[in-house]
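A.B. asks: Residues per chain, in single letters:
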Amino acid sequence: MMRPSKPYAAWVLKLTALAICLVAAHANAHHSFTAEFVADKTATLSGTISQVWFKNPHVRYLIVVANADGGEETWDARGSPVVWLARKGWTKDTIKVGDQVEMYGYLGRDGIKMLSIMTITLADGTVLVDKAPE
Amino acid sequence: MIQLRRNSLLSALWVSLLIAMPVVATADVEGRWILSLQDKNRTLVGLLEIDKGEGGWIAHLEGGPASVTTDGDNIVIVADSRDVRGFVFDRRMTGIVDGDTMKGTYAQVGAAAQKEAPGPWSAKREIAESAALARPMPFDLTGTWTATQELDFRKYTMSLTDAGEAWLEGYLPYYDQPDVRCTSIGLPALATYSFPFEVISTDNRLTMIYEYQSRVRRIWLDERAPGEFVPPSRMGHSNGRWEGSTLVIETTNLDKTVRDFRGELISENAVIEERYALSDDGNTLTAVITVQDPEYYSRPPVRRRQWVRNDAADIFPYTCDPDSFYLKMYEDGELDMYLDRTDKRF
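Those sequence lines, one after another, are chains A and B. Each residue of the first sequence is one higher than the last, beginning at 1 in the numbering used here. Each residue of the second sequence is one higher than the last, beginning at 1001 in the numbering used here.
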């Protein structure tokens, strides 16, 4: 379930904008460059982990979330380098395929289904903070 | 008659005084300033250079363009920066100039992941050092060093030559930065990253082992030149010398590659100068890193970094696998686009 971090009305507007952007991105796929995030657009994703790459240069999780149409969609969530997370005890076994988690982070540019991870809340309530090194 | 002449003399004096004194005198800020800015519990430091231009001040912070405007003793400085998540924003400093100092308050403008609370800033005119003449007073770098909070302004735009600007136009950091596909980011970027490094000192060399990308470099203290068949590389050939208690490392024999996160080029003729100084208690190491490369930069870009001694820290292994990077492009139908831009990668 994708949950807005901002008031509902604002989110409806953003979803509309997102839909428009998605159409635009599709029409122009060759020029839509992924993996750039937007500093003032954050979101929370609740879902099930479907794939884990716990590797440098960047940790990557795929998460399957329910969308507004009753269907499912897969989001690509990016974290810090392994060396940064491992030092804090966040390892390849911390989050596994099939785990239910809630992720909070920055949204990808142009409505692309990507998230730059800030926090991940595990099923037992543990909150992992991915604060990029300063 | 005499009275009249005295009056006209006085009038002439007044007129000349009025011409000589503008209504509001503008502070003279031309010169080199050490700018510092307080963000919560960290202090950023940078070199601010201000020159007189035809239409106003021409300013550079850490070698990159900044805006400086003055009105009487009031000053406004605006400089861009890039935070650790890659978001670009401005810092706007407003304040008062008082002779050889200026100070005021600043605020972050634009969205950034790393939120900075409005705080004080100040600047003092740089005092030229003549360290080059000082006798060597080496310190021992042996040990493991972990990065402190960033003290660098992380200036985003730099002053580039036309060739430097032309290269940047088509550059896409997400696809083209060497480290996204596990290739060495090299110097100077590696020396500014916030991962730990270990130093081993032996007779005529320092060996630095960087956690990020598991890179190793040797800094020769015996003035040797690169061996005849040693090719240029991203870590280059480094010679170290002591200017007083500052370790100055000069690196040449570099590969053509990118300098930093934005992807500006450095040429094979670039010379990187790193100046390392140790705090009096021996625990804090500070570096100022300058790139001399007139082919791509009209003014040398500057970066800074600070570490604390932390011999208990482990240097973690850095195992890198670009599989998910290529897979993502495959899934998104971007592989052709990626292959078409081979000339953007080193």
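Treat the hints loosely; a few may be bogus.
[To be verified] Label-pair restraints from in silico Cβ distances: (1) Asp99/A to Asp1222/B: 37 to 43 Å; (2) Gln100/A to Pro1294/B: 55 to 61 Å; (3) Gly125/A to Asp1332/B: 33 to 39 Å.
Think of the hints as simulated: they come from the structure by calculation, not from any bench. Think of the CB as a built atom: it goes at the ideal place given N, C-alpha and C, for glycine as much as any other residue.
A.B. asks: Give a verdict on every hint.
C.D. replies: Taking the hints in turn, this is what the structure says about them:
1. Distance hint check for Asp99/A and Asp1222/B: the Cβ-Cβ separation is about 55 Å, which falls outside the suggested range of 37 to 43 Å.
2. With their beta carbons about 57 Å apart, Gln100/A and Pro1294/B fall inside the hinted range of 55 to 61 Å.
3. Checked against the given bound of 33 to 39 Å, the beta carbons of Gly125/A and Asp1332/B, roughly 34 Å apart, stay inside it.
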